[in-house]
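S.K.: Sequence:
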Amino acid sequence: MRAAALLLGPGQRVAGATLRTRASDGLDLSGQALLISPSGVLAQVTFGFEHVYASSYTLWGDRGRLSVTRAFTPPAAHQPVLVLEEQDHEERFTLPPSDQLRVCLQDFVAAVRGGEVGDGSAEADKRRDAVALLECVDEVRRQAVRVTTDDRP
1 MRAAALLLGP
11 GQRVAGATLR
21 TRASDGLDLS
31 GQALLISPSG
41 VLAQVTFGFE
51 HVYASSYTLW
61 GDRGRLSVTR
71 AFTPPAAHQP
81 VLVLEEQDHE
91 ERFTLPPSDQ
101 LRVCLQDFVA
111 AVRGGEVGDG
121 SAEADKRRDA
131 VALLECVDEV
141 RRQAVRVTTD
151 DRP
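Under UniProt numbering, read the sequence shown as residues 1 to 153, first letter to last.
Hints were generated in silico from the structure; no laboratory data involved.
Don't be surprised by glycine CBs; every beta carbon is placed ideally from N, CA and C.
Incorrect hints may appear among the rest.
As the list claims (entries may be wrong) - Beta-carbon label-pair distances, calculated as ranges:
1. Leu34 <-> Asp99: 31 to 39 Å
2. Ala71 <-> Val137: 15 to 23 Å
3. Ala122 <-> Gln100: 19 to 27 Å
Please put together the full structure from these sequences, using the hints given.
M.R.: What follows is the structure, given as structure tokens:
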């Protein structure tokens with residue numbers, strides 16, 4: 001949902017959603033959402049705990065498609081491959097590794113040591129974006145067609 005929000009920009013709406021929930025406690029196990037930006041760009045998001053870990057995205061355009069697998073939380077030394085597909089050819093670009101967890105922790109430590117109190121406009125933007133994301137997640141849960149599944153052993 002966060003990646004879609006970054007790509008669609010502010011103001012996305014939920015056009016439809018499905019959720020698989022566990023019967024015993026109502027936990028959302030997996031789902032899909034169709035989001036739409038104010039300019040009409042669509043995003044299909046799939047998420048869940050029921051299947052093998054995956055973190056990828058594909059962007060479709062009128063002249064080609066970009067995709068990246070293992071886009072978020074890769075192993076520290078992993079080099080993701082960006083694939084550009086066009087009508088008559090495909091190109092692959094191997095990206096440098098980035099230890100995402102270490103980078104996040106370094107940013108956190110820098111903020112704590114720097115005494116950042118979060119009163120600036122950049123911090124206000126982050127807070128606004130976080131609230132908008134949570135509101136979008138709530139809207140997915142409100143609109144979702146639910147499929148209840150029995151508990152698994």
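S.K.: Against this structure, judge whether each hint is valid.
M.R.: Verification of the hints:
Our hint of 31 to 39 Å for Leu34 and Asp99 holds, since their Cβ atoms are close to 33 Å apart. For the pair Ala71 and Val137, the beta carbons lie near 19 Å from each other, so the given range of 15 to 23 Å is met. The hint said 19 to 27 Å for the Cβ distance between Ala122 and Gln100, and at roughly 20 Å that hint holds.
The earlier numbered hints are all upheld by this structure, with none contradicted.
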